[in-house]
Amino acid sequence: MDKIKIGIPRSIVYYYYKDLWHYFFKKLGVEVIVSPKTNKKIVNDGINYTNDEMCLSLKIYMGHINYLKDKCDYILVPRIQNYGVDNQTCTNFWGLYDLVKNIFNVKILNYNIAYSNLKTEKKAFIKLGQTLGFSKEESKKAYIYAKTMEAKEKKKRIHRNYQKLNSAKLKVLLISHPYNIFDEYIGMPILNYLDKLNVEWINALDFENSLTCKLSKLLSRSIYWKFSKELIGAIKLVEHKIDGIIFISSFPCGPDSLVNDLVIRKIDLPYLNIVVDDFDSMAGIETRLESFVDILEQKAKI
Numbered sequence: 001m002d003k004i005k006i007g008i009p010r011s012i013v014y015y016y017y018k019d020l021w022h023y024f025f026k027k028l029g030v031e032v033i034v035s036p037k038t039n040k041k042i043v044n045d046g047i048n049y050t051n052d053e054m055c056l057s058l059k060i061y062m063g064h065i066n067y068l069k070d071k072c073d074y075i076l077v078p079r080i081q082n083y084g085v086d087n088q089t090c091t092n093f094w095g096l097y098d099l100v101k102n103i104f105n106v107k108i109l110n111y112n113i114a115y116s117n118l119k120t121e122k123k124a125f126i127k128l129g130q131t132l133g134f135s136k137e138e139s140k141k142a143y144i145y146a147k148t149m150e151a152k153e154k155k156k157r158i159h160r161n162y163q164k165l166n167s168a169k170l171k172v173l174l175i176s177h178p179y180n181i182f183d184e185y186i187g188m189p190i191l192n193y194l195d196k197l198n199v200e201w202i203n204a205l206d207f208e209n210s211l212t213c214k215l216s217k218l219l220s221r222s223i224y225w226k227f228s229k230e231l232i233g234a235i236k237l238v239e240h241k242i243d244g245i246i247f248i249s250s251f252p253c254g255p256d257s258l259v260n261d262l263v264i265r266k267i268d269l270p271y272l273n274i275v276v277d278d279f280d281s282m283a284g285i286e287t288r289l290e291s292f293v294d295i296l297e298q299k300a301k302i
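Residue numbers for the sequence shown follow my numbering, so the first one is 1 and each next one is one higher.
FYI, nobody ran anything at the bench for these hints, they're computed from the structure. Keep in mind that a hint or two might mislead.
[Said to hold, decoys possible] List time: in silico DSS-like cross-link candidates among lysine-lysine, alpha-carbon distance up to 27 Å:
1) 27 <-> 122
2) 18 <-> 123
3) 27 <-> 147
4) 214 <-> 236
5) 27 <-> 171
6) 154 <-> 169
7) 5 <-> 147
8) 71 <-> 164
9) 241 <-> 169
10) 71 <-> 156
11) 155 <-> 122
12) 152 <-> 18
13) 5 <-> 140
14) 152 <-> 107
15) 127 <-> 154
16) 140 <-> 123
17) 155 <-> 107
18) 171 <-> 154
19) 101 <-> 123
20) 241 <-> 152
21) 18 <-> 140
[As the list claims (entries may be wrong)] Pairwise CB distance ranges, derived in the manner of DEER restraints:
22) 196 <-> 145: 20 to 30 Å
23) 211 <-> 29: 30 to 40 Å
24) 286 <-> 107: 35 to 45 Å
25) 29 <-> 297: 33 to 43 Å
By construction, the Cβ of each residue, glycine as well, lies at the ideal position given by its N, Cα and C atoms.
Turn these sequences into a full structure, and let the hints guide you.
In structure tokens, the structure reads:
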């Protein structure tokens, strides 16, 4: 069959599944193009395709779709609903496919994950491979290989996180979705400035997710967003080994505003809550980071 090129937006779901996608398509020999790191043009393009009520992360996602629309044969846009009744995802994850389909005239490569309806990840990837013209067995082998490699990459990140906990530097736990903290526009300027301030930042998602998900119940038993549970559970895992917590979210994220407010009321650690929108100045955020680090330094001297 003819060689096809699949476009992957470097936004939202990419930061959860990039390793899985990379190794799956690599095993099948499928060519992939990933959109570049977020820049001001991508942000502005995304804003032009969305409305004010959509969160900044979703606006950025649409900007990445716009970048890819003329550069590939298909754009990968999954619909990831849940990993069980009590492990839901943000409704944006549900609606990405419909939004892209209705806003852009592009060919979409799609798969659905909804464990509540028996639509498992494994089934989804086997079907995805078959859609691309590969056999069921080829697709299954590619998925198993990709899951194995994904687990290895995750293990490396977990190991680095535990090493960071032994650092002599000030240590802050970052409570934020990866599509926020690792986005070049939203979170990377914050991470870079923390590095400049000689602060050891620790990504809450880079721990054993099954463990942090269980620990989240110590803060709340009513949260049903899978990724939120994994984030806040990390607080209970490392609360005695860190100096403070920084919450980073994009405006106006509903789940984050609810979960972060709930958690802030229950923790006994210094915290900083940063909400990034389209018009935020990094200068203002830097000032807040400096003040927060000053507080942590003074507290450490007591």
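Hint check results:
1. As the CA atoms of residue 27 and residue 122 are separated by approximately 15 Å, the hinted pair is consistent with the 27 Å bound.
2. Note on residue 18 and residue 123: the hinted pairing holds, with a Cα-Cα distance of about 18 Å set against a maximum of 27 Å.
3. At most 27 Å may separate the alpha-carbon atoms for a hinted pair to count; residue 27 and residue 147 meet this at roughly 12 Å.
4. Between residue 214 and residue 236 the alpha-carbon distance is near 10 Å, which keeps this suggested pair within the 27 Å criterion.
5. For the hint linking residue 27 to residue 171, the alpha-carbon distance of about 39 Å lies beyond 27 Å, and the restraint is violated.
6. Note on residue 154 and residue 169: the hinted pairing holds, with a Cα-Cα distance of about 24 Å set against a maximum of 27 Å.
7. Between the alpha carbons of residue 5 and residue 147 the distance comes to roughly 22 Å, so the proposed pair stays at or under 27 Å and holds.
8. The straight-line distance between the Cα atoms of residue 71 and residue 164 is roughly 40 Å, outside the 27 Å bound, and the hint therefore fails.
9. Restraint check for residue 241 and residue 169: satisfied, since their Cα atoms lie roughly 11 Å apart, inside the 27 Å limit.
10. In summary, the hint linking residue 71 to residue 156 is not supported, as the alpha carbons are separated by about 33 Å, beyond the 27 Å threshold.
11. Between residue 155 and residue 122, the direct Cα distance comes to roughly 21 Å. Compliance with the 27 Å bound is thereby established for this hinted pair.
12. Only pairs whose Cα atoms come within 27 Å are accepted, and residue 152 paired with residue 18 is accepted, the gap being roughly 13 Å.
13. This hinted pair checks out: residue 5 and residue 140 have alpha carbons roughly 21 Å apart, not beyond 27 Å.
14. Simply put, residue 152 and residue 107 have alpha-carbon atoms about 32 Å apart, too far for the 27 Å limit, and the pair is violated.
15. Of the pairs offered as hints, the one joining residue 127 and residue 154 holds, with about 25 Å between alpha carbons and a cut-off of 27 Å not exceeded.
16. Annotation: proposed proximity of residue 140 to residue 123 holds, straight-line Cα distance about 9 Å (limit 27 Å).
17. A C-alpha spacing of about 35 Å is found between residue 155 and residue 107, which places the hinted pair above 27 Å, so the restraint is violated.
18. A threshold of 27 Å between alpha carbons decides the hint, and for residue 171 with residue 154 the separation of about 21 Å falls inside it, so the pair holds.
19. Under the criterion of a C-alpha separation no larger than 27 Å, the hint pairing residue 101 with residue 123 is consistent with the structure, at around 23 Å.
20. The straight-line distance between the Cα atoms of residue 241 and residue 152 is roughly 25 Å, inside the 27 Å bound, and the hint therefore holds.
21. A hinted pair counts as satisfied when its Cα atoms are at most 27 Å apart, and residue 18 with residue 140 qualifies at roughly 18 Å.
22. The given range of 20 to 30 Å is broken by residue 196 and residue 145, whose C-beta atoms sit roughly 39 Å from each other.
23. Our hint of 30 to 40 Å for residue 211 and residue 29 holds, since their Cβ atoms are close to 36 Å apart.
24. The hinted range of 35 to 45 Å is satisfied by residue 286 and residue 107, whose Cβ atoms lie roughly 42 Å apart.
25. Against the hinted window of 33 to 43 Å, the Cβ-Cβ separation of residue 29 and residue 297 comes to about 52 Å, which falls outside the hint.
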